[in-house]
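Enquirer: Listed below, chain by chain, are the residues.
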Amino acid sequence: MVGPFQLLGIRHGPGAAILPTNVTRIHMEFAHKINDGHMGPKKFWREHLPRLKFWNPAIPMIVNRTTDQLGPATMTLYFRDDGAPAASKSELPQPSSSSTGHSKAPEPSEGERAVTIDMKNRRSEVILKDFMDMTGAVPVIPTPQEEAEMRDAAELKQRGEIDRERVRKMLEAERREAAMISQARSEAAALKAAA
Amino acid sequence: MASTNQFLASMARLSLSPSTRPSAIAIPNFLLPSITAPLVRHASGAGGMKKRPAKKKKTYKSFRSYDLSPMEQFTLCDAMRYIRAFEVGRPPTSVKYEIALKLKTQKNGPVLRNRIRLPFPVKTDTRIAVICPEDSPLLAEAQQLGAVAVGEESLFNAIREGNIPFNKLICHTDSEAALRKANLGKLLGPKGLMPSQKTKTITSNLKATMQELIGADEYRERNGVVRLAVGQLGFTPQMLADNVKAFMGNVKSDINEIDDTFGKGVDEVVLSSTNGPGFSLNGGFSPSDEKIQPEHLQSVM
Chain A
1 MVGPFQLLGI RHGPGAAILP TNVTRIHMEF AHKINDGHMG PKKFWREHLP RLKFWNPAIP
61 MIVNRTTDQL GPATMTLYFR DDGAPAASKS ELPQPSSSST GHSKAPEPSE GERAVTIDMK
121 NRRSEVILKD FMDMTGAVPV IPTPQEEAEM RDAAELKQRG EIDRERVRKM LEAERREAAM
181 ISQARSEAAA LKAAA
Chain B
1 MASTNQFLAS MARLSLSPST RPSAIAIPNF LLPSITAPLV RHASGAGGMK KRPAKKKKTY
61 KSFRSYDLSP MEQFTLCDAM RYIRAFEVGR PPTSVKYEIA LKLKTQKNGP VLRNRIRLPF
121 PVKTDTRIAV ICPEDSPLLA EAQQLGAVAV GEESLFNAIR EGNIPFNKLI CHTDSEAALR
181 KANLGKLLGP KGLMPSQKTK TITSNLKATM QELIGADEYR ERNGVVRLAV GQLGFTPQML
241 ADNVKAFMGN VKSDINEIDD TFGKGVDEVV LSSTNGPGFS LNGGFSPSDE KIQPEHLQSV
301 M
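For the protein sequence lines, the chains are A and B, in the order given.
Numbering follows the UniProt record's numbering, in which position 33 of the first sequence is assigned residue number 33; successive positions increment by one, without gaps.
Numbering follows the UniProt record's numbering, in which position 49 of the second sequence is assigned residue number 49; successive positions increment by one, without gaps.
The set of hints was computed from the structure by calculation and includes no laboratory data.
Predicted model, so just to flag it, every value in this text is computed and none were measured.
For glycine and all other residues, C-beta sits at the position ideal for the given N, C-alpha and C.
Among the clues, some could well be false.
[Said to hold, decoys possible] Cut-off 27 Å, straight-line C-alpha distance, at most; resulting in silico cross-link-like pairs (DSSO-like, lysine-lysine):
| no. | chain 1 | residue 1 | chain 2 | residue 2 |
| --- | --- | --- | --- | --- |
| 1 | B | 191 | B | 123 |
| 2 | A | 42 | B | 96 |
| 3 | B | 96 | A | 104 |
| 4 | A | 33 | B | 96 |
[Claimed, not checked] Stretch-level coverage of chain A by chain B, calculated; a stretch enters the list once three of its residues show a Cβ under 8 Å from a Cβ in chain B:
| no. | stretch |
| --- | --- |
| 5 | 5-16 |
| 6 | 41-51 |
| 7 | 56-63 |
For reference, chain B alone in the conformation it holds in the complex (with noise of 0.2 Å):
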């Protein structure tokens, strides 16, 4: 019973508050530390809390490429199936099949940038402006070619104006300096239709220029991948080799006219299409199930 009695005492210490003057308002401690506490320092040197420099983020020099191996690769008969599955009932027209080729390259240095004229086009509707001195020869020559618009201040208007019926733009060398006046840049240059001799679009020969244009595709590196659409869905599997194919093979020598010292290569293919996943692909052709012949996957779609 005594130790009862011992801690009453306590007790009934606990249960009476201090009886301070409730003040006005109650501002918590850490809201206002300057007001209610002053800032208290201790001995403890000038150590403590010292700031580390800022890590340095490591920067590579390459674009980082992985290990494979564990992946699953497929061959182009068995991503053809798993994408035509993927894509059943959408319109094989817009539908697309897409190359996505990874490269091993350095961030630095020269960039992949190329046309080619695949053997089954993709799309069909390129419009070709052309720049050539007016009231010439060249002109009634792009037309006769097909140009949808030809001239050179008349065409520089249009396309100040924002009517731009074409999706490439050629200039006859007759007219580069004219072009250099018009100060286009601004206007064409993000849609990528500035004319330059690097793009190969100023040329002395319309007639080449015109036909390497009709039914050939950009393509260029970024981010160390080249994009390029390869096919539409309804193409059959050998339609869609073929034109792998070419865009392997043109890939390859345009990185071979690169100076070796770039080191760069091909690291990864992968088939991919509007919808669908993308396939990494193993470079084989024929389907791995044999109930599935390659005929079998050029159906209507």
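This is chain A alone, in the form it adopts within the complex (with noise of 0.2 Å):
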């Protein structure tokens, strides 16, 4: 079942941009465990990638997770050469996905050239940020619809907060209660006993 916002949130936010047509290929590598500054690039696979990928269904975007929390954090954007004849994508070798670290990078084929960007011990704004700059992507635009959606969701979220403590402060209340009348009663029946 589909949260009511959920898709939403994959067509809009931090990282909903159309790529241009000469990026072949992006590669991510980084660790499985956010330790020694891995948290950044964790962070845009789980939050940036899903959106880029959406809005670029045909760009293999893959991502290569190591065990090695002390290796490197890389992004490698692929950018096919002005004038190079447009390689339909099957025809790359393309290693895919891989959550044991055995998709490393390619190398570039012929009239394709990469671009790393060092992603350790960085925000994922901020590999964001660079990504948008190196790729010259264009940022989806909302249209007035989902605009107003996404003033409702916000919305919706503010009031899950409030209403969110109030309930929290009601139970705790409901919880001092039940425990001063239980500690009560234990006291009255040990007062009990001793008669």
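Need the complex rebuilt from these two chains, each delivered in its own frame; the hints are there to steer you.
Expert: What follows is the structure in structure tokens.
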């Protein structure tokens, strides 16, 4: 079941951008855990990459997760050189994503050049900014209807915060009272037993 | 001024607490009503708090089905586009597309249960064991067909020891009696491995059954829903469409075989994935965004 605003969140937000046609593929490599500066890349993958993938479904976006925390965290962008023939994407020697570190960034093929971004010890927003600058991606502007939906989502979230606080207080009071009663009850029982 | 004087007396009375001897420990009344205050009965008659009989919970004979008209439904390519966005960067062989087929059906009565050989198999790690009489030509035949374990008593012993290197078990009709004697239902039943006529795993034709089992996926209806993994993340839209169509066709023919009086029917088809949300399908194929072609949805994940 799709949540009410879940799909909106994948269509719009930071990272929702259309890449120019000369970007052929994207490769990311980082470690499984966030220690030693791998938090930014992981966040980028979890938050921004799905939006990029939604708007650019044809561009392979490969994530290679390694178990080596001390290893590098890099993003490799592949651009087609100006004037090079538009090779079909399926022809590129392209390993698929891996969670065991088996798909290293491939060498750029003929008519292709690769640019690397070091992601280690950097926040995901900074990585995204670098990414946008280097690729020249055009952010997607939500339609007025979607903007209204986004406002609704924000409002619902805010309302939820208020309600959560209210319910938390109520529950706390309830629990405190229950604890007091049970304590008094046990004391009374002890008295009764002593008498 | 007179009024102040008038009140002074009452004020004084208020401030003076009645000189009762302080009781040793104050126990709140509500805690020990039996000690502090004897039960008082009022002459309000037998009425008052009459206990109403517990409200009977309404029971439904069929699983609930919802009105789908206000729901957003998706074509296959649209759902795939979203799912591929949600699953970006995941290893494509371990992430699966799944179908949950909600049925209009009663809670009792027959359930759908069958096997299907999908046009594009989802998993290819079927390992079959065959129960057949030892020292018979059947044993050699089964081994030739690719069974990982064969035999009768030796196989039973291996199962009892917990050595189960297979995920499918079939039994030749000649060994049916031995299987029944071996009393393995407790071990094999929970794993869904116990051969039975019903699941067509007791057979006299090993070759046909094994070929059917390899690459075949089992599905069954649970709580009014049939679930099946129908594809790997790396599948193209056309491959997935073929698999979904084959599955739907199979389920529909199963429904037709069941007596009409039970009124089974397909209610909703939901496409989901290992880490993604579910998308209710509307039966269409092409993407609704004219900039996206089905070919765009088959790049390497």
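Enquirer: Run every hint past the structure and note whether it holds.
Expert: Checked hints:
no.: 1; hint: B/191 x B/123; in the structure: holds (18 Å)
no.: 2; hint: A/42 x B/96; in the structure: holds (22 Å)
no.: 3; hint: B/96 x A/104; in the structure: holds (23 Å)
no.: 4; hint: A/33 x B/96; in the structure: holds (24 Å)
no.: 5; hint: 5-16; in the structure: holds (count 3)
no.: 6; hint: 41-51; in the structure: holds (count 4)
no.: 7; hint: 56-63; in the structure: holds (count 7)
The structure meets every hint from the earlier list without exception.
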